[in-house]
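Taking the hints into account, I'd like the entire structure generated from these sequences.
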Amino acid sequence: MSKKNSVTIEADNLNFRELNSRIRDSVQAGCSRITLNSVCGQRYIGLGLGTGLKITVNGVPGNDSAMFMGGASLIINGNAQDCLGNTMDSGTVVVYGHSGDILGHGMRGGQIYVRDSVGTRVGIHMKSYKQKKPVIVIGGSAGDFFGEYMAGGILIVLGINRGKQDILGRFVGTGMHGGTIYIRGQVSNFQLGKEVKVFDLDDKDHQIIEKYAAKFCVHFSVDKAAIFKQKFIKLQPYTHRPYGRLYAY
Amino acid sequence: MFRFEKKANPFYEKDVSGCAVSAIMNTKGRRFSSEGIVKSIANQRDRSNGLGGGFAAYGIYPQFAELYALHIMYQNQASAHKTEQYLDDYFQVEHKEVIPHRHDTVISHHPFLRRYFVKPYPVGEKTPDRIFERLSEDELVIKNVMRINTGFDGAFVFSCGKNMGVFKGVGYPEDLAVFFKLEEYSAYIWIAHGRFPTNSAVWWGGAHPFSLLDWAVVHNGEISSYGINKRFLENFGYNCTLFTDTEVIAYIFDLLVRRHDLSFEMASKVMAPPFWDEIEKMPDEEKELYTTLRATYGGALLNGPFSVIAGFKNGIIALNDRVKLRPLVAARKDDFAYVASEEAAIRIVQSELDRVWSPAGGEPVIVMLEEPAAVPTAP
Chain X
1 MSKKNSVTIE ADNLNFRELN SRIRDSVQAG CSRITLNSVC GQRYIGLGLG TGLKITVNGV
61 PGNDSAMFMG GASLIINGNA QDCLGNTMDS GTVVVYGHSG DILGHGMRGG QIYVRDSVGT
121 RVGIHMKSYK QKKPVIVIGG SAGDFFGEYM AGGILIVLGI NRGKQDILGR FVGTGMHGGT
181 IYIRGQVSNF QLGKEVKVFD LDDKDHQIIE KYAAKFCVHF SVDKAAIFKQ KFIKLQPYTH
241 RPYGRLYAY
Chain S
250 MFRFEKKANP FYEKDVSGCA VSAIMNTKGR RFSSEGIVKS IANQRDRSNG LGGGFAAYGI
310 YPQFAELYAL HIMYQNQASA HKTEQYLDDY FQVEHKEVIP HRHDTVISHH PFLRRYFVKP
370 YPVGEKTPDR IFERLSEDEL VIKNVMRINT GFDGAFVFSC GKNMGVFKGV GYPEDLAVFF
430 KLEEYSAYIW IAHGRFPTNS AVWWGGAHPF SLLDWAVVHN GEISSYGINK RFLENFGYNC
490 TLFTDTEVIA YIFDLLVRRH DLSFEMASKV MAPPFWDEIE KMPDEEKELY TTLRATYGGA
550 LLNGPFSVIA GFKNGIIALN DRVKLRPLVA ARKDDFAYVA SEEAAIRIVQ SELDRVWSPA
610 GGEPVIVMLE EPAAVPTAP
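Which chain is which? The protein sequence lines are X and S, in order. Under our numbering, the first residue of the first sequence is numbered 1, with each subsequent residue one higher. Under our numbering, the first residue of the second sequence is numbered 250, with each subsequent residue one higher.
Just so you know, the hints here were simulated from the structure itself, not pulled from any lab data. Heads up, a few of these hints could be off.
What the hints assert, rightly or not - Dumping the calculated DSSO-like pairs for lysine-lysine here, alpha-carbon to alpha-carbon at most 30 Å: (1) Lys204(X) / Lys127(X); (2) Lys530(S) / Lys231(X); (3) Lys164(X) / Lys536(S); (4) Lys530(S) / Lys194(X); (5) Lys194(X) / Lys536(S); (6) Lys133(X) / Lys194(X); (7) Lys277(S) / Lys164(X); (8) Lys277(S) / Lys197(X).
What the hints assert, rightly or not - The calculated label-pair distances, taken between Cβ atoms and stated as ranges, are: (9) Glu10(X) / Asp510(S): 46 to 56 Å; (10) Lys536(S) / Lys132(X): 42 to 52 Å; (11) Gln165(X) / Lys536(S): 16 to 26 Å; (12) His352(S) / Asp166(X): 36 to 46 Å; (13) Ser221(X) / Trp525(S): 19 to 29 Å; (14) His352(S) / Gln165(X): 44 to 54 Å; (15) Asp12(X) / Pro349(S): 30 to 40 Å; (16) Asp166(X) / Arg351(S): 47 to 57 Å; (17) Lys582(S) / Glu10(X): 18 to 28 Å; (18) Asp12(X) / Glu534(S): 48 to 58 Å; (19) Gly553(S) / Thr239(X): 28 to 38 Å.
Stated by the list, open to error - Just so you have them, the derived chain S footprint on chain X, three or more residues with Cβ under 8 Å: (20) 55 to 68; (21) 143 to 149; (22) 189 to 195.
Backbone N, C-alpha and C fix where the C-beta goes; we use that ideal spot for every residue, glycine too.
Structure follows, in structure tokens:
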């Protein structure tokens, strides 16, 4: 990595428009590594940015960061706010902290790893198509409406470092009609939406969890063996068209 | 009254926005400057659109701590004259002045702004109403505030608590902080709001916080149960006068906590109650409690998306709707408690925090003064 290819931007007192245009200018100028210091609430960081680019955020990035991101990797040294990875297309986001509500809303590709817990409505409306398969791995717990209306992709909740917090809230997978949720622990039927059921894992599932949990363990220096000491369950919709027969008399 | 004739520009719906709320409190009751709260709300500038902003500050009038501080906005001299005569009839006005403000800021249009430090006349021949109706001082104040706000054209009481005050108007909150010279005050609780009005009128009185006695409420969201709440509150003598849904929250707090003596926990379970299927699963005693609460106070249930911060003299409470349709982040650092719409709005004030968390839907964050008596009430 030549020095010319990297740039550091001090974000203090920069409005989100100014900060993002400086990021885009740097990309245009050929930078492949961008470090942002003192970020405090500026939105849309990483918006639509493509492959071969690594952005490191020191601080708290604002809402809708990594939105529409098309291949870049975004490293967040801090907590993320709401709507991280909104409609993200591809690339990787790693959060060294927790993340707010609506993480990965409508996400259609790429991977998001969050060290701690996440808020409400995470992974809602996620979808996959052919080779594109969005993945979110959460170290802690997740709130209500997890995977609501999910149409594709993979959500994994590890449930470590969550204190007394339940691993999931209520209305999990409500309206879900595609994709898979893996949970390291148990949930009661009361917490689940009407459209999903608990299934046991098969070999393919184990391979998937193994693959993404391994990456999680590398990012956050977690002992992989310890993660697999506890059993995972799988949540899937039991019909692809939950409302298909609603009006079919 | 004080409504801007100018229509919002046609593209305003496209702004990236949603209201901003923020609060900072010192749990030891130590007073601190407005610097932090202004920084915090300014950090969330993109959440509001310049059509309303305001602050509530607790502990700012120690020299008049025993008097009700009435902040009143007037459309013209005539309304001021008429209202002041009325005040003289019902209150001993100990001190009266213009609310200090600047004329060289971006806030160019504003109503007359005055404040009065008053106490009700002692019960006697001048107070037939009070003898007859056995009104407490607080209730007398509420009754007269309601009377001014509904019956006096061009006059509007926007703050009437003791040792606290609301400063609000049309503009961005950080601009209003300069306009109102907030740097001259120190308080142990600061609450702020940046407004992005979606369904109610833009005018000076319609900015947040909404206040009644020492309650001050800021709100992000929309109370879709407003009609039911309004009619429920009318049974208890509260008249909704402000063309804005948020005022019902202030009145519900006053009704539940001050008049009906519910705890903050219970009051928040009235406003954002557990779902019926959750109540069904509770042990018998709890089931009875929550069933009774919902049955008794059904009209005080708040529906629709909201995050709310309410302040009163002994603390703050922050609450989300049950399904968490609006953002709320809370944090602690030593004696300081913070609540805001975004974590960044807290970090900009205090980058090192002991704890930071997002409360779940319907889960109140309640922060009380450790020793309420420690609040300075004399100079």
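Evaluation of the provided hints:
{"no.": "1", "hint": "Lys204(X) / Lys127(X)", "verdict": "holds (20 Å)"}
{"no.": "2", "hint": "Lys530(S) / Lys231(X)", "verdict": "holds (27 Å)"}
{"no.": "3", "hint": "Lys164(X) / Lys536(S)", "verdict": "holds (23 Å)"}
{"no.": "4", "hint": "Lys530(S) / Lys194(X)", "verdict": "holds (18 Å)"}
{"no.": "5", "hint": "Lys194(X) / Lys536(S)", "verdict": "holds (24 Å)"}
{"no.": "6", "hint": "Lys133(X) / Lys194(X)", "verdict": "holds (24 Å)"}
{"no.": "7", "hint": "Lys277(S) / Lys164(X)", "verdict": "holds (28 Å)"}
{"no.": "8", "hint": "Lys277(S) / Lys197(X)", "verdict": "violated (50 Å)"}
{"no.": "9", "hint": "Glu10(X) / Asp510(S): 46 to 56 Å", "verdict": "holds (53 Å)"}
{"no.": "10", "hint": "Lys536(S) / Lys132(X): 42 to 52 Å", "verdict": "holds (47 Å)"}
{"no.": "11", "hint": "Gln165(X) / Lys536(S): 16 to 26 Å", "verdict": "holds (24 Å)"}
{"no.": "12", "hint": "His352(S) / Asp166(X): 36 to 46 Å", "verdict": "violated (55 Å)"}
{"no.": "13", "hint": "Ser221(X) / Trp525(S): 19 to 29 Å", "verdict": "violated (45 Å)"}
{"no.": "14", "hint": "His352(S) / Gln165(X): 44 to 54 Å", "verdict": "holds (52 Å)"}
{"no.": "15", "hint": "Asp12(X) / Pro349(S): 30 to 40 Å", "verdict": "holds (31 Å)"}
{"no.": "16", "hint": "Asp166(X) / Arg351(S): 47 to 57 Å", "verdict": "holds (51 Å)"}
{"no.": "17", "hint": "Lys582(S) / Glu10(X): 18 to 28 Å", "verdict": "holds (24 Å)"}
{"no.": "18", "hint": "Asp12(X) / Glu534(S): 48 to 58 Å", "verdict": "holds (54 Å)"}
{"no.": "19", "hint": "Gly553(S) / Thr239(X): 28 to 38 Å", "verdict": "holds (32 Å)"}
{"no.": "20", "hint": "55 to 68", "verdict": "holds (count 4)"}
{"no.": "21", "hint": "143 to 149", "verdict": "holds (count 3)"}
{"no.": "22", "hint": "189 to 195", "verdict": "violated (count 1)"}
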